[in-house]
Each structure stands twice: as structure tokens, then as C-alpha cells.
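**Q** Required output: the full structure, derived from the provided sequences and hints.
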Amino acid sequence: MRFKRYIAAAAVLPFALAVTAAAEEPLKIGFMTTLSGPAASVGKHMQDGFNLFLKLHGNKLGGRDVRVITVDDELKPDLAVTKAQALIERDKVDFVTGIIFSNVLAAVFKPVTDSATFLISANAGPSIFAGKNCNAYFFNVSWQNDTVPEAMGKYLQEKGPKRIAVLTPNYQAGKDMVAGFKRFYKGEIVDEIYTQLNQLDFSAEIARVAALKPEGVFAFMTGGMGVSLVKQYSQAGLGIAVPFYSVFVVDETTLPATKDTAVGLLSTIQYAPSLDNEANKVFAPAFEEEYGYVPSYYASQAYDAAQLIDSALNKTGGKTDDKEGLRFALQRADFKSVRGDFKFNVNHYPIQDYYLVKAVQRADGAFVTEVVEKVLDDHADSYASQCAMR
Amino acid sequence: MSSALLAVQVLNGLQLGVLLFLIASGLTLVFGVMNFLNLAHGALFMVGAYLAVFFYQTSGEFFVALPLALICAVGLAMLLEATVLRHFYTADHLAQLLATFGLILILNDSAKAIWGSIPRSLPIPELLDASIPLFGDLSYPVYRLMVIAVGLIVAAALYYIVQHTRFGMLVRAGAADGEMLAALGVDVRKLFMTVLIGGSALAALAGILAGPLIAIQPGMGDTVLILAFVVIVIGGAGSIRGAFIAALLVGLVDTLGRSFATDFFRLFLSPATANEVGPAVASILIYALMALVLALRPAGLFPAAGRT
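Taken in sequence, the protein lines are chains V and Z. The numbering of the first sequence is my numbering, which starts it at 1195 and goes up by one. The numbering of the second sequence is my numbering, which starts it at 2 and goes up by one.
Fair warning: there could be bad hints in the mix.
So the derived list for chain Z, only partly shown, Cβ under 7 Å to chain V, looks like this [unchecked claim]:
{"no.": "1", "residue": "Q10"}
{"no.": "2", "residue": "N13"}
{"no.": "3", "residue": "L17"}
{"no.": "4", "residue": "S132"}
{"no.": "5", "residue": "L139"}
{"no.": "6", "residue": "A216"}
{"no.": "7", "residue": "N276"}
With a cut-off of at most 30 Å between alpha-carbon atoms, the simulated DSSO-like pairs for lysine-lysine come out as follows [what the hints assert, rightly or not]:
{"no.": "8", "chain 1": "V", "residue 1": "K1270", "chain 2": "Z", "residue 2": "K113"}
{"no.": "9", "chain 1": "V", "residue 1": "K1277", "chain 2": "Z", "residue 2": "K113"}
{"no.": "10", "chain 1": "V", "residue 1": "K1254", "chain 2": "V", "residue 2": "K1277"}
{"no.": "11", "chain 1": "Z", "residue 1": "K113", "chain 2": "V", "residue 2": "K1222"}
{"no.": "12", "chain 1": "V", "residue 1": "K1304", "chain 2": "V", "residue 2": "K1326"}
{"no.": "13", "chain 1": "V", "residue 1": "K1286", "chain 2": "V", "residue 2": "K1537"}
Read the hints as simulated data drawn from the structure, not as lab findings. A virtual CB, placed ideally from N, CA and C, is assigned to each residue, including glycine.
**A** Printed below as a string of C-alpha cells:
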């Protein structure tokens, strides 16, 4: 009799173990960002932002243990596709997040969303996925690319100069910035100056701006290009006569390099480390303490991506197999964003506030951005009406 | 388009040209004299800039950092020459390409490991941090004038060394016919070593001078390497005079092209089309120039004697 009980127990045991094993299986997140090349500093900010949330929450999202598989897309869309496919098919990740660049996002969008895996962009916000091609499996927790220059356009239209020169690199993102700016700025654009990607020397362009004598210059120039431009613009001594307004140029990824030459420069974005809200009061100091540098909006966006996943999983009880339920939970965006107000539009891009920020030197010597005023309140992108999702 | 703007843009072109000359002169000697394809040359540009950052942080003075960084860069060049490069003097170009490309990767990643991937900066020395009004109301930064001056002095010094010293004679002879030089009993290895280290020092100097102007980040040498090769192809490998004239030509064509291409196209195209076509044409102007030179004078504009 007892022997039979032992057999029964032995037969049940594997099933019991299997059930417990399944409940303990970690949540797998594919974190794809650029960790090499000139944009590596941005990738590091994002990686640290995402990992900070895990550190503060015992490496759990929605109550489940997390395994983050970090991959470097090297800013190569074809390589990114291969790595994304590995994440989906080999590693069977539940979420893919990160993604700095719009061209990388455009490459991995179809493979990831077709496999019914949620793709949460923590930076890239191209317009193609905000309108007709909006997708149920795609969420963006940063901004739609056009909205950031739209905020600067509105600020300059209301408060500022009547004649502006525009300076941007000659590629799609640069042209999107100009388009967004022109949507709100109705003054005269004296010239649109297009530069080359990875250009080091802007003396020719700066001389041209000086000769045109506009009342201000609006620039978009990322990474090292932005650092070079800011330094050279300051050296040319134009800053008083032709104020420098920009987006994605002056932030905590470039301020450690530009330092004094950037102090006083204005830009528009949805986040600054000094923002006064509950979530940021936790995030910003913890980030600085953990990693030893000031977080940029890139880091804050990655942190919010983690918060979003956490909030959604809390609603589904940690389960990811019910895709409809998980999507509904994600759409709710029931978390306190470090940027303040945050909710999703029908196209899964944010509706949020945009601020005018200024570069300053803090009392402790660090160079940071600080909020000057709010420019746009609960602002949505211009493509949502074309999205069929409701 | 005013004459003042044209004058400023010409000055900008000269400054870019002078910087390119500093980088290309070392490369042209190495390629011309030693027939050695040194891709790591651009990485030494980056090394110079990073060493300047390091010594500036420790000393607080740009003019103290400059010589220290230069000495260290020369030391690194000697180390690289002794450990890696000297074994490839007689190898075929593919092997040289692979070896020096490997050096690029090692140097780039070392820079990233030591200084991080976030761009670094070097402030302009206070003495030179001003703009002087030159043409009408357009002013020009003093630091850039200094760069032009340094470049011209180096060019003059190089010209003197190559044309009027015994060492320079050996360099010119090596560019013309390396085998004959060895057959005449000259210690070619020592000559090669000096040329390689001298060239690397020039690249590092260019990096230090460019430091206050541009973002210092891993991989910054790769862009200038391509420009340097364009210069030596146009100028003729092995010729300092060719490198000088080609560098100024490339600097001027690139700068003036970027400044005025869109204006030029606006003369007969709609503004929107000109905005599309202008920047695209400007970005390929120097390569079009290189293609033209290759088609008409394959050995370059001023090839080293004995190489036409």
C-alpha cells in the first residue's frame, strides 16, 4: 500500500516541479540599443536608465524575475534585424525595448510585431508608425519625432525672432525636424542649411549664418556633431547677435563635453533632471548616486519603459500569454512617469507636456538642463488621426 | 553673397586645408616612400586629441598639454612601430591593410575603455579665445588663425627638410626607387622607422590642434583618414608639395562647395529643389575632384619624381 503511494507521489512530482518551474520562469526582455560608435554614450544612458528601475525593484517587473538580454545594434539596420530575430526566435523574449534610431526601428518593426512580441521604443519616434502604419504591438514612451521641434517652433513663434536660419544634417531625421519646426513657426526662415552626417567642422556654415544676419538659428545636430557645432558657434562669438536654439543638441549626453560653451542655450524636450514630480524625485538622485553622472531624457525614457512594462504586468498578474489583456494594460499606462503627465494616444505615442529647458552649471559644478517654462501642454502628434486603432 | 563672406569662407577653407595637410603629409611619406598602407594613421590623430585631454586635465594649461601629448604620442608610435608595423614593411598591401585596420579597432576600443564613449572636450586656450573682426563685420576666431599659422610653419619646415637636408634627400630617393636605395647601402629600415614616427607625430599634432574645435570621441580618426587618402591621391603619393597643394585644394573645394552650392543651384532651380540638390552635390565634390584627377593624371597632380 505504502509503495503505491510512493509511486503516485513520484508520478506527480515532475508535474509539480514543472508547474513551479513555469511560474518561476523569468520574464525575458530584449534590450536593443547602440553601444558602439559615436552614439554609444546615448546607449549607455538608456541602458543605465532601464537597469536602474530593475535595481530599485529587486530585479522584478510585475512581480516576476527579469532577465535582460542586451544587444548592440551598432546603428546598422541589417544587423539589428538579425539580432532582433535571434531575440524573438532563440531567446523568446516577451518584450523588445530600447531602440535609439529611427532607421533601426524601421528595420526591426515588422519582424518583432509580426511575431506578436511587444515592441516598446524608448527613443525612436518616426512618423511612419504614428499614422497609417500604427500597430497594436508597438508602443513609444519617448515622443513622436516631430513634436520636439514643434515645441521649439511654438516657443519662437510666440516669444521670439521673426527671421530664423535652420541648420540640420542632410538625412531623414533632419528633414523631419525642419518639418516639425515649420508646423508651428510661421516667421521667415532665411535659409535652410543642410550639413553632412559626421561633419566635424562647421566654420563654413557658421560664417554663412553670420552673413545672413538672422535673429536666431534653429539647429538639430546630434552627438559629436552637436558638440562640435556648439563649441565652434561659441568660438565664433555669434551667440549674442544670433541666439542659438536647438533640439537634441544640448543635453546631459553632450554637456560633459561642451561645458561652458553651452551654458545659457535653450532647447525643448519633455524632461529635465530637475523636474519636480514624485517619480523623478526618486529617479534622478538614485541615478546619479548609482552611476555617477546626471541622467538625460534618454535615461528617463528607458526608465519609463521599465515602469510601463511593470505597470502592465501588475495588471495581468505577471502573465504575458494573453496578448489582448497585456495590450490593454499597456495602453492604460498606469504609472507615474518621471516627466510628469503621460498618457498614450490611439496610435500608442505619448500625449505629454513639452518644456523649454536651459543649460546651466549646477552649484556642484555639473552641467545640466533646467526647466524654464512649459511650452506645450498635453500635446499630441499630428499623425494620430490617420491611425485606424481606437 | 558678399565679398566679406567669400573671404571668410576662403580662410575657413585654408584652415581646413592646413589641418588636412598635417595629417596627409605624414601619410603621403609613409605611403610614398615606404609603400606602406598605414590605416592606423587616423587613429593617431585621435590619440593625439585624447592625450591632450588627459594632459590638460592634469596640468590645466593647453600649452603644457600640447608638448606632453605630442611626446607621448610619439612614444606610442614608436611602440606600435616596434611591435607591429615593422614586421609588415615588406608584406603585401592586403596584409598591411589587415594589420593596421586591427590597430584602428584596438586603439578605438582602448580610447572607449579609458575615456568612455561620451564625447570629450578641450577648451580653447584663453589667450586665443577671441574673434577678431576681419572683413567688414564678419569676425574670425583667433585660434583658427593660429592653426593656419602652425600649419604653414610645419609645411615650410617639412619643405626645408625634404629639399635641403640629407635625410630629406634619402626620403625623396626612397619615394622614387626604394630598392635602388637599399642596394646603395642605405639603412632603409631606419629610414622607414623615422618616416613612420615622424608622420605619426604630425597626425597627433593635427589631433591636438583640432581638439578644441571638434568633439573628441572614439572613432574620430576614421573620418579624417578618408579625407587624408583623398588628399594624397589628388596630390600624388610621396610628394610633400603635392600633399600641401592638394590639401589646400580639398579644403577650399569642400568649404566653398558647402557654403555656396545651394546658392549656385538657386540661380536656375526652384529653392526647394536647390535645397535638395545643393547639399548632396557639396558632399561629393571632393570625391568628384579626386575621380577627375585620377582620370586625367592617375599619379596625382605632383607625383614624386620618378613615379609618373
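**Q** Which numbered conditions among the earlier hints are violated in the structure presented, ordered from lowest to highest?
**A** As far as the earlier hints go, not one is violated by this structure.
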